[in-house]
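K.L.:
Let's have the full structure, built from the sequences with the hints guiding it.
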Amino acid sequence: MLCDKCKERPATVYFVQTINNKSVKQHLCQECANKAMGLQLGLGNFSDWLPLFASSQESVSLQEEKSCPLCHTTYADFAKSGKLGCSQCYTTFAKELSPLLYRLHATTEHRGKKPNVVQTAKTLQVPSQNEAQLQTKKLSPKEKLQKDLAEMVAQERYEEAAIIRDKIKEMEKAGGE
Amino acid sequence: MSESDYKESFINSPSTKWTEGYGKDSDIIISSRIRLARNLAETPFPQNSKPEAAKKIIQKVDEALSQSAKKQYEMLYMEDLQELERDMLVEKHLISPALAKKNTAGVSIRNDEGVAVMVNEEDHLRIQCFMPALQLEEAWNLANKVDNLLAEKLNFAYHEHLGYLTACPTNTGTGLRASVMLHLPLLTLSQEIKGIFAKVGKLGLAVRGIYGEESEIVGNLYQISNQVTLGLSEEEIISNLSDVVGQIIALERKARENMEKQYSRTIYDKVWRSYGIMHYAQSMSSVEMLSQISYLRLGMDMGILPNLSARFLNEMMVLGQPAFLQKQSGKPLLPEERDWERASMIRKKMQELER
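Chains as they are written, first to last, in my numbering: chain A, -6 to 170; chain B, 25 to 379.
Hints in this document: simulated from the structure, not taken from any laboratory.
Misleading hints may appear alongside valid ones.
Once the Cα atoms are required to be at most 30 Å apart in a straight line, the calculated DSSO-like pairs of lysine-lysine come out as [unchecked claim]:
no., chain 1, residue 1, chain 2, residue 2
1, B, Lys74, A, Lys73
2, B, Lys223, A, Lys140
3, B, Lys126, A, Lys28
4, B, Lys80, A, Lys107
5, A, Lys(-2), B, Lys223
6, B, Lys94, A, Lys107
Covered by chain B, according to a simulated footprint, are these stretches of chain A (three or more residues, beta-carbon under 8 Å) [unchecked claim]:
no., stretch
7, 66 to 77
8, 80 to 92
In this text, a Cβ means the ideal position worked out from N, Cα and C, and glycines have one as well.
P.N.:
Structure below.
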């Protein structure tokens, strides 16, 4: 499929923009998607995250002051460069990164290789709340929603995905897991 | 070979592991590559590291590799290389364009050029393994071994649930990018390729040109790689990619067979015309070179040009790149001058075939 905008390059990004409660859906190429977002990230894959970027921006305004204790990167820095400052950032911004990782990989649970010597306890003390957020072993109501979300994303049903995502957010706000 | 000889050959020789040209499905697959992204725990990622700290990391990696694998690896510091030399490493695919731009980066290359560990690119380490033809599993086994070797000496950033932690969340988890370079002239000609790639995209795979992330498709060459790095095991990622690649190979072969049945004279004509142009052209752009090589490759694979080898064509592809041409001629060249130099290089190479 060709890009809806330039009609020159192949469309690789499904772009949903909500303006005044009307959602505009477009199939765009990387370049036009970047332009549409006014982003100059220089990061090829960043626009893959666009459907969730709106919610990331919300977090930016709330989290502006929070910075990583090891490398002093803020979430705003990350949103700008697309790169985290150090491995500790994954703990510092666990809450913000979780939906992003979900969007990218449809899961937040590593199933691949483990290093022979795991030093996670020393290097990463994840707060228990975040730890629970990342766990997907027992299917709680929230985890079930997350699973549904992954399915919707996989099927490119982004509107439904957004509704489920909001439900998960509400659940998180209410403090229930 | 002595240390300096290896260094000399890493930079100057157009021949490298992936250009060897033999192996499974070598009529369609040019090369396979596995990359593992790794970072040191409790250390700011390269983007945030100071020059002295960056240098220490290169030294650490160098030590780890030279202790574990005696004299098999040679570390090149970018600050010691001229811009042209760095570009030649990029043209051989041993380093990324991003690494070539960083003075605080390095690359440790194994003597046979089957392994190149980039240091201080986007992540502290990028372990890359290259193989000719379709050898993803072999490349993964090798990368896994190198990773284990390094992990004995270095403490990698790893999270129980998220896996290996990387500067960009697109690589988190396995840190694995598996990719293959495919030559698909007939699927391109019939435009079937568009439909195929639309499907490939939905399977979490990406299609690119041969010179990395933003590059355009030239010479009917495509690079297909996995996008998802988290939630799947390395073996699953590789087998998913292999399955899709296997299907594309079958489609390209089928298209070649049909073409041969229906339009064999047209193909013969096209292939021999390319052969003639490569023998006599006086000026040739890089894009034209790649498309002429594509016809020669097709002619070779269909048995029309039995005196050609994949290795010959792969090396010609590298020799025709800007940095290699300038090194060869011993001076900087304007794009137009390069086209003359390129045609001259090609004519010489083609004459070798007549001997």
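K.L.:
I'd like to know which numbered hints this structure contradicts. Please list them from smallest to largest.
P.N.:
When the structure is compared with the hints, none of them turns out to be violated.
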